[in-house]
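The whole structure should be built from the sequences, with the hints applied where relevant.
From first to last, the protein sequence lines are chains D and V.
Quick note: the first sequence, position 124, residue 139 per this note's numbering, numbers continuous.
Quick note: the second sequence, position 2, residue 17 per this note's numbering, numbers continuous.
Treat the hints with care, since some could be wrong.
As the list makes no split between identical chains, a pair holds if one copy fits it or if it spans any two.
As the list claims (entries may be wrong) - SDA-like mimics (lysine to any residue), calculated; alpha carbons at most 25 Å apart, straight line: (1) K190 with D43; (2) K190 with A48; (3) K190 with E123; (4) K120 with K190; (5) K279 with D192; (6) K120 with I39; (7) K120 with H188; (8) K190 with F121; (9) K153 with E224; (10) K120 with D44; (11) K120 with S191; (12) K233 with L293; (13) K120 with M105; (14) K190 with S125; (15) K190 with Q49; (16) K153 with R168; (17) K120 with D106; (18) K233 with S302; (19) K29 with A149; (20) K120 with P103.
Simulated from the structure, these hints should not be mistaken for lab results.
2 protein chains.
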Amino acid sequence: MTNLKNFQAIWRPKIDQQLQTDLIAISDDAEFAQMMCYAVLNGGKRLRPLLTLAVLSSFNVSVTPNLLKLATAVEWVHSYSLVHDDLPAMDNDLWRRGQPSVHAKFGESSAILVGDALLTGAFQVVSEANALAANVQKVSDEQVITIIRQLSRYAGANGMVIGQIHDMQNHGHQKSDVTYDWLLNDVYAPKTAALISYATDIGGKLSQEMASTLVHPKTQYDLYQFGYDFGLAFQIQDDIDDFDQDNDEAVDSLPHLVGMAAAKRTRNDLLADARQRLTNIAQREASFDRQLLDEFLDLIGESV
Amino acid sequence: MTNLKNFQAIWRPKIDQQLQTDLIAISDDAEFAQMMCYAVLNGGKRLRPLLTLAVLSSFNVSVTPNLLKLATAVEWVHSYSLVHDDLPAMDNDLWRRGQPSVHAKFGESSAILVGDALLTGAFQVVSEANALAANVQKVSDEQVITIIRQLSRYAGANGMVIGQIHDMQNHGHQKSDVTYDWLLNDVYAPKTAALISYATDIGGKLSQEMASTLVHPKTQYDLYQFGYDFGLAFQIQDDIDDFDQDNDEAVDSLPHLVGMAAAKRTRNDLLADARQRLTNIAQREASFDRQLLDEFLDLIGESV
Numbered sequence: 016m017t018n019l020k021n022f023q024a025i026w027r028p029k030i031d032q033q034l035q036t037d038l039i040a041i042s043d044d045a046e047f048a049q050m051m052c053y054a055v056l057n058g059g060k061r062l063r064p065l066l067t068l069a070v071l072s073s074f075n076v077s078v079t080p081n082l083l084k085l086a087t088a089v090e091w092v093h094s095y096s097l098v099h100d101d102l103p104a105m106d107n108d109l110w111r112r113g114q115p116s117v118h119a120k121f122g123e124s125s126a127i128l129v130g131d132a133l134l135t136g137a138f139q140v141v142s143e144a145n146a147l148a149a150n151v152q153k154v155s156d157e158q159v160i161t162i163i164r165q166l167s168r169y170a171g172a173n174g175m176v177i178g179q180i181h182d183m184q185n186h187g188h189q190k191s192d193v194t195y196d197w198l199l200n201d202v203y204a205p206k207t208a209a210l211i212s213y214a215t216d217i218g219g220k221l222s223q224e225m226a227s228t229l230v231h232p233k234t235q236y237d238l239y240q241f242g243y244d245f246g247l248a249f250q251i252q253d254d255i256d257d258f259d260q261d262n263d264e265a266v267d268s269l270p271h272l273v274g275m276a277a278a279k280r281t282r283n284d285l286l287a288d289a290r291q292r293l294t295n296i297a298q299r300e301a302s303f304d305r306q307l308l309d310e311f312l313d314l315i316g317e318s319v
Numbered sequence: 016m017t018n019l020k021n022f023q024a025i026w027r028p029k030i031d032q033q034l035q036t037d038l039i040a041i042s043d044d045a046e047f048a049q050m051m052c053y054a055v056l057n058g059g060k061r062l063r064p065l066l067t068l069a070v071l072s073s074f075n076v077s078v079t080p081n082l083l084k085l086a087t088a089v090e091w092v093h094s095y096s097l098v099h100d101d102l103p104a105m106d107n108d109l110w111r112r113g114q115p116s117v118h119a120k121f122g123e124s125s126a127i128l129v130g131d132a133l134l135t136g137a138f139q140v141v142s143e144a145n146a147l148a149a150n151v152q153k154v155s156d157e158q159v160i161t162i163i164r165q166l167s168r169y170a171g172a173n174g175m176v177i178g179q180i181h182d183m184q185n186h187g188h189q190k191s192d193v194t195y196d197w198l199l200n201d202v203y204a205p206k207t208a209a210l211i212s213y214a215t216d217i218g219g220k221l222s223q224e225m226a227s228t229l230v231h232p233k234t235q236y237d238l239y240q241f242g243y244d245f246g247l248a249f250q251i252q253d254d255i256d257d258f259d260q261d262n263d264e265a266v267d268s269l270p271h272l273v274g275m276a277a278a279k280r281t282r283n284d285l286l287a288d289a290r291q292r293l294t295n296i297a298q299r300e301a302s303f304d305r306q307l308l309d310e311f312l313d314l315i316g317e318s319v
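Written out as structure tokens, the structure is:
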């Protein structure tokens, strides 16, 4: 078993347990709580919380209950975005991970409100994470506010939301002047890379605060950029895998725009840059073990 | 000119200016920023931010730039809720304050995303408010986190969101067992009173922190309850005013359920309780001037 497989086997169930506990606690209405659970606990890979925990683990920081809870907030945001993206007025997807999407199962108005409640709940989760720090080090209030600011920035009008606006312009050949730079910087970056770079970014910030073993300021930037490169490569891989489906749906994805070979080159360049970030960090930080994050990069590409 | 009219004349333009500044700053996309501005800057009364500022003023706390910004975050949440409530899948309102609603003007998908961005942005506004505290007292980090927690609770799955779920059940006579208690506690309280009590609640918390003139713990509860009573009375008045329209739309509002006279009695009882809260506070807190908050109560009822 690889490090990553082992890591996933340990932490994915714990992430799911934390999500379930908080989802049930946040609503007194059992029926509504069940809708929220349906939207979130449907077999996702938990890539974003796992990345935060992986960064902590790479710096040998132990994942205390408050850190676990903090790391799961991004999954509330990711889940809300899937529920809203699936709506009839948006991508109109009736299926999500092999099951009826939230609006297909519970109706459109409930899906809008489930998404709203998940987005709102993400900030409640962050603001209440330290309640689980009875016998462990608390995350400082200053850091909690920084995390809330980062989450709202990466998710909001300059982040995921504008990414979805642009992604929809990219459906049905509505936009005639789609360029390589526009696709990468104005669609993929805000829609996908933003939340993934948030996950590695706060992993770095929390490692610095909790362990004080991460010293060089440039390391923070490398961790953010690792997530950004990984996020873009992840999205390009998704488009490579969905090439035929996007063709049917008239979506101008990168492989359609520049050809499959060029899209793979871009993906590989991004993965190479992400690996270089890990090299940079390893050269500076004595406490850093890069192996787990290297294996995240192995998830993408030909070897999968 | 009454105290309140004077207060509104001073602070409503400042609230609007703060909202506009932050709405434009939060989005690099001019077209999307314009949609957000359309949703928010359309002539609202700014009741909720004004209530927070009125509580501060009642305790003679000066409204510094960071406090003004903090007070406006609730208006982002209120505005998002109107945009989403108006959607075709929800109340399907094509008009809002005499202008086309956001989805009528910009399309349904844009309206969903404008709402999402406003909700997300509210938390960014709170997390960044102290950036405006260069030469004035900062709000403590602990207090900022408390405000974020309260805002997410009152807006989320146990607050406004579940209020809207219940309100929709109350359309078209879908629910056969509508009771007085259910309407007040499960519809009006979370849908309307929650955010209004949030506004008075944080007004009290901020007064306590910034001026240290507010000493008795029960005063905090009275301020919260003042907002709660006021919010319920405000909603009942709205239903009294919209009686004919609700009749047409088959909404079981309080006047339909118990009759107009009984609905007015409930409203008056709530206003009387709210006035009693102000009496309680005035008896305890030497620095408290109740006149402005009394005039908020005068906004509701026969005298309007």
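Going down the list of hints, with the structure as the test:
Taking CA atoms no more than 25 Å apart as the test, K190 paired with D43 passes between copies only; the shortest distance there is 19 Å, against 45 Å inside one copy. Taking the shortest alpha-carbon separations for K190 and A48, only the inter-copy value of 20 Å comes in at or below 25 Å, while the best intra-copy value is 39 Å. In the homo-oligomer, the alpha carbons of K190 and E123 lie at most 25 Å apart only across protomers (19 Å), although the nearest pairing inside one protomer, at 28 Å, exceeds that limit. For the identical chains of this complex, K120 and K190 are inter-copy neighbours only, at 20 Å across copies versus 32 Å inside a copy, given an alpha-carbon limit of 25 Å.
Only within a single protomer do K279 and D192 lie at most 25 Å apart by alpha-carbon distance; the minimum there is 22 Å, versus 60 Å between protomers. In the homo-oligomer, the alpha carbons of K120 and I39 lie at most 25 Å apart inside one protomer (19 Å), although the nearest pairing across protomers, at 37 Å, exceeds that limit. For the identical chains of this complex, K120 and H188 are inter-copy neighbours only, at 23 Å across copies versus 30 Å inside a copy, given an alpha-carbon limit of 25 Å. With identical chains, the CA atoms of K190 and F121 are at most 25 Å apart between copies only, with a shortest distance of 17 Å across copies and 33 Å within one.
Proximity of K153 and E224 under a CA criterion of 25 Å is satisfied in both settings, with 10 Å inside one chain copy and 23 Å between copies. For the homomeric pair K120 and D44, the shortest alpha-carbon distance inside one copy (18 Å) is at most 25 Å, but the shortest distance between copies (34 Å) is not. With identical chains, the CA atoms of K120 and S191 are at most 25 Å apart between copies only, with a shortest distance of 24 Å across copies and 35 Å within one. Taking CA atoms no more than 25 Å apart as the test, K233 paired with L293 passes inside one copy only; the shortest distance there is 12 Å, against 55 Å between copies.
Taking identical chains as interchangeable, the C-alpha atoms of K120 and M105 lie at most 25 Å apart whether they share a chain (17 Å) or sit on different chains (16 Å). For the homomeric pair K190 and S125, the shortest alpha-carbon distance between copies (16 Å) is at most 25 Å, but the shortest distance inside one copy (31 Å) is not. Taking the shortest alpha-carbon separations for K190 and Q49, only the inter-copy value of 20 Å comes in at or below 25 Å, while the best intra-copy value is 39 Å. Taking the closest pair of Cα atoms, K153 and R168 come within 25 Å of each other both inside a single copy (24 Å) and across two copies (22 Å).
Taking CA atoms no more than 25 Å apart as the test, K120 paired with D106 passes in both settings, with 16 Å inside one copy and 20 Å between copies. In this homomeric assembly, K233 and S302 come within 25 Å of each other (Cα to Cα) only inside a single copy, at 15 Å, whereas the closest approach across copies is 51 Å. When the C-alpha separation of K29 and A149 is checked against a cutoff of 25 Å, the pair qualifies only within one copy, where the shortest distance is 19 Å, while the shortest distance between copies is 42 Å. In this assembly of identical chains, K120 and P103 lie within 25 Å of each other by CA distance both inside one copy and across copies; the values are 13 Å within and 18 Å between.
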